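Quick note, the sequences are listed as chains R and S, same order. Take 1433 as the starting number for the first sequence in my numbering and just add one per residue. Take 11 as the starting number for the second sequence in my numbering and just add one per residue.
By construction, these hints were calculated from the structure, which means they are not laboratory data. Hints may be right or wrong, so weigh each one.
[What the hints assert, rightly or not] Computed far set for chain R versus chain S, every beta-carbon distance over 10 angstroms:
(1) Pro1435
(2) Gly1448
(3) Ser1483
(4) Lys1499
(5) Ala1514
(6) Asp1547
(7) Glu1573
(8) Met1601
(9) Ser1649
(10) Arg1654
(11) Ala1669
(12) Pro1676
[Stated by the list, open to error] Some chain R residues close to chain S (C-beta under 10 angstroms, calculated; not the full set):
(13) Cys1538
(14) Asn1543
(15) Trp1544
(16) Arg1563
[Unchecked claim] Restricting the straight-line Cα-Cα distance to at most 25 angstroms, the calculated cross-link-like pairs of lysine to any residue (SDA-like) are:
(17) S/Lys339 / R/Asn1519
(18) S/Lys16 / R/Asn1519
(19) S/Lys27 / R/Ala1553
(20) R/Lys1499 / S/Lys16
(21) S/Lys339 / R/Arg1510
(22) S/Lys352 / R/Phe1625
(23) R/Lys1604 / R/Phe1625
(24) R/Lys1604 / S/Glu215
(25) S/Lys16 / R/Ala1526
(26) S/Lys131 / R/Arg1578
(27) S/Lys16 / R/Arg1578
(28) S/Lys131 / R/Asn1519
Only a predicted model underlies this, so the values are computations on that prediction, with no experimental measurement involved. Here a beta-carbon is modelled for each residue, glycine too, at the ideal position from N, C-alpha and C.
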Amino acid sequence: MKPLLTANHLSIQFGGLKAVSDVSFEVWPNEVFSLIGPNGAGKTTIFNMISGHYRPSDGFVTFEGEKISHLPPYEIARLGIARTFQNIELFEHATVLQNLLVGRHCHRHTNWLQDLLFTPATRRAELQFRRTVEEVIEFLELQHYRDSMVAGLPYGVRKVVELGRALAMRPKLLLLDEPSSGLNVEETEDMGFWIEDIKNDLGVTVIMVEHDMGLVSRVSDRVLALNQGEELALGSAAEVQSHPAVVEAYLGGADV
Amino acid sequence: MRFLFKTDYQRDIRLFKHGGQMFWYSALALALIAAPWLLSSYWVSQFIFIWIYAIVSVGLMLLVGFTGQVSIGHAAFLAMGAYTEGYLYSLGWPFALSLTFAALIAGITGIIVGLPALRVKGMYLAIATLAFGFIVEEGVTRADGITGGNSGMMVGSLQVFGLPIDSEQRMYYLCLFILALVVLGVMNLLRSPTGRAFVAIRDSEISAQSMGINLAYYKTTAFALSAAITGIAGALYAHKLRFLSPEQFTFLQSIELLIILVVGGIGSIYGAIFGAAFWIVVQQLIVIAKDWLPPAIGQQTGLQPTIFGLILIAFILFEPMGLYGRWLKIRTYFQLFPFYRKGMFRRQKSYMKSERLK
């Protein structure tokens, strides 16, 4: 079996600050791979390098065997990598349905002229998009919010809408940046079920940045712990949590 | 209250969501078709200006209201459309062709003006478009071989497919027809992937990219389409005025166009049309009021800009959603009667957005 995604000696520098240095890992198809670490460990930075928002100063990322680090974000999205954001980046002044339909954007095959005239091809594509989006709405139980404006929705629902928008892309790989941040216990529980379903029922591989160790141990197949841009430990959730270097990074050294 | 029972996805795609809408829009269309016979030619002429301004506003709304890119140089596109039409028409080109060319040339210029939008945002983009406006204004003055420079350009009387547009009534129908086509086109865009990409760029560029939207492509497309629509309006404007000179397309005109959008309501096609109508009507009311006011006020040169300034401030303070917002509130009041609550349209608290990648 070949890895779906590999990070090879990834490094990035902002001015004099080495945010990530020499991080390598492989993500296998159909696994949930979690990145953990204290604030500023470089987890989100790694996400941004995978999705093309940052260009690594050294090293590269491959997806399905192809190097992708030189591609702009929209082309990486077209390859089948979807992501969510730490602080929810939805299209505020649009309905939930419209947000999810934007998720179908990379599967469009009509051009602006066909759209301007709303040709039969555009209409057919719209109906097809809608069917896919409705499947996502049903999967995430968003029926009630379908026609609501995002700007008026509670935080927990927005989080689910953002997940839905990423799923509407029918991605091969899903990057979840702190899926449980800002959610209450019950909502976090739901998020855990969905991540399991995404992996088992939809067959999507997930890379997740997460602080809630309960959620991490529940859904992750493997966990990579980072600190100050460097790898600390890689293994199952239990192994990583008991690893001495990880304990030290979170709780401080014994001699302090 | 009306409940929509939807049985298939087509219902969400349709332009008219229910029979009631269909009825009222048909009634409106009939009224507009009958209007030139009922109104004096003075008001028919004012309606023509409303239609032309509405076309420009819809074009500008596509860019400012739906794609979130500011332009304070739109009068330049209006000028390009007007002068292209005037020049090509004087060469004997048929109207259908010269109109297409006016749109095309404005559209291509729009792509060029859109290029800075790929790098700069907000205030800086506004300055770039402002500079473009000045360049065109200056260019029109200098290129007197084509435009007639400061002495102006006469535009011949219009013929469409052999039919002379020699009365205000005929011009009214032509402009109304083209406005209808433009509105239909923009509505089509907005219910299809292209329009959703525009809105996505307006609301969050970073996640638009992550959804596979090529920012450069869609921003230039928005600029090009907006400019082309404005060019079409420019061509009609040329035939309406019959005389073009550089001082009709100044920076102030670009600002006026933006005021129309704010007064009408940013982010809706209704807003663009309401704004245009309001603009023309208030202008006429000021002209009428001038005769009634004491000369010390009525004859002041700055009267009109002052009034518009006050109106703009009043809208920003009391009705940021513009005329369209007011209309929505009135409509909701009657639809929900007697359950309308005062806070229904209060702006929701928005959550902190990520600043990390900007």
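These are the hints, each one checked on the structure:
Against the 10 angstroms criterion, R/Pro1435 stays outside the reach of chain S, whose nearest CB is about 22 angstroms from its own CB. Residue placement check: R/Gly1448 keeps its beta carbon more than 10 angstroms from all beta carbons of chain S (closest about 19 angstroms). Look at R/Ser1483: its CB is around 6 angstroms from the nearest CB on chain S, not clear of 10 angstroms, so calling it non-interface is violated. The Cβ of R/Lys1499 lies farther than 10 angstroms from every Cβ of chain S, with a closest approach of about 19 angstroms, so its non-interface assignment holds.
Residue-level check failed: R/Ala1514 sits 7 angstroms from the nearest beta carbon of chain S, not beyond 10 angstroms. Distance to chain S contradicts R/Asp1547 as a non-interface residue, since its nearest Cβ pair spans about 4 angstroms, not more than 10 angstroms. Against the 10 angstroms criterion, R/Glu1573 stays outside the reach of chain S, whose nearest CB is about 19 angstroms from its own CB. A Cβ of chain S approaches the Cβ of R/Met1601 within 10 angstroms, the least distance being about 7 angstroms, so the stated non-interface status is violated.
For R/Ser1649, the shortest C-beta to C-beta distance to chain S comes to about 27 angstroms, beyond the 10 angstroms cut-off, and the non-interface label holds. No beta-carbon of chain S is positioned within 10 angstroms of the beta-carbon of R/Arg1654; the least distance is around 24 angstroms. Every CB of chain S lies more than 10 angstroms from the CB of R/Ala1669, the least distance being 27 angstroms, so the non-interface label holds. Against chain S, the non-interface label of R/Pro1676 holds: every CB pair exceeds 10 angstroms, the least being about 31 angstroms.
The interface hint given for R/Cys1538 holds, since its Cβ lies 3 angstroms from the closest Cβ of chain S, which is under the 10 angstroms cut-off. The interface hint given for R/Asn1543 holds, since its Cβ lies 8 angstroms from the closest Cβ of chain S, which is under the 10 angstroms cut-off. Interface hint status for R/Trp1544: upheld, as the beta-carbon distance to the closest one in chain S is roughly 5 angstroms, under 10 angstroms. With a cut of 10 angstroms, the hint placing R/Arg1563 at the interface with chain S holds, because the nearest CB-to-CB distance is about 7 angstroms.
A C-alpha spacing of about 32 angstroms is found between S/Lys339 and R/Asn1519, which places the hinted pair above 25 angstroms, so the restraint is violated. Proximity of S/Lys16 to R/Asn1519 is assessed by CA-CA distance (about 34 angstroms); at most 25 angstroms being required, the pair is judged violated. Only pairs whose Cα atoms come within 25 angstroms are accepted, and S/Lys27 paired with R/Ala1553 is accepted, the gap being roughly 21 angstroms. A distance of roughly 46 angstroms separates the Cα atoms of R/Lys1499 and S/Lys16; the hinted pair therefore is violated under the 25 angstroms criterion.
The straight-line distance between the Cα atoms of S/Lys339 and R/Arg1510 is roughly 41 angstroms, outside the 25 angstroms bound, and the hint therefore fails. About 40 angstroms separates the Cα atoms of S/Lys352 and R/Phe1625, which puts this hinted pair outside 25 angstroms; it is violated. A hinted pair counts as satisfied when its Cα atoms are at most 25 angstroms apart, and R/Lys1604 with R/Phe1625 qualifies at roughly 19 angstroms. Distance restraint check for R/Lys1604 and S/Glu215: the Cα-Cα separation of roughly 23 angstroms lies within the 25 angstroms cut-off, and the hinted pair is therefore satisfied.
Distance check on the hinted pair: S/Lys16 and R/Ala1526 sit about 20 angstroms apart at the alpha-carbon level, within 25 angstroms; holds. Among the hinted pairs, S/Lys131 with R/Arg1578 is inconsistent with the structure: their alpha-carbon atoms are about 32 angstroms apart, more than 25 angstroms. Restraint check: the Cα-Cα separation between S/Lys16 and R/Arg1578 comes to about 13 angstroms, which is no more than 25 angstroms; the hinted pair holds. Taking the CA atoms of S/Lys131 and R/Asn1519, the gap is near 22 angstroms; set against the 25 angstroms cutoff, the hint holds.
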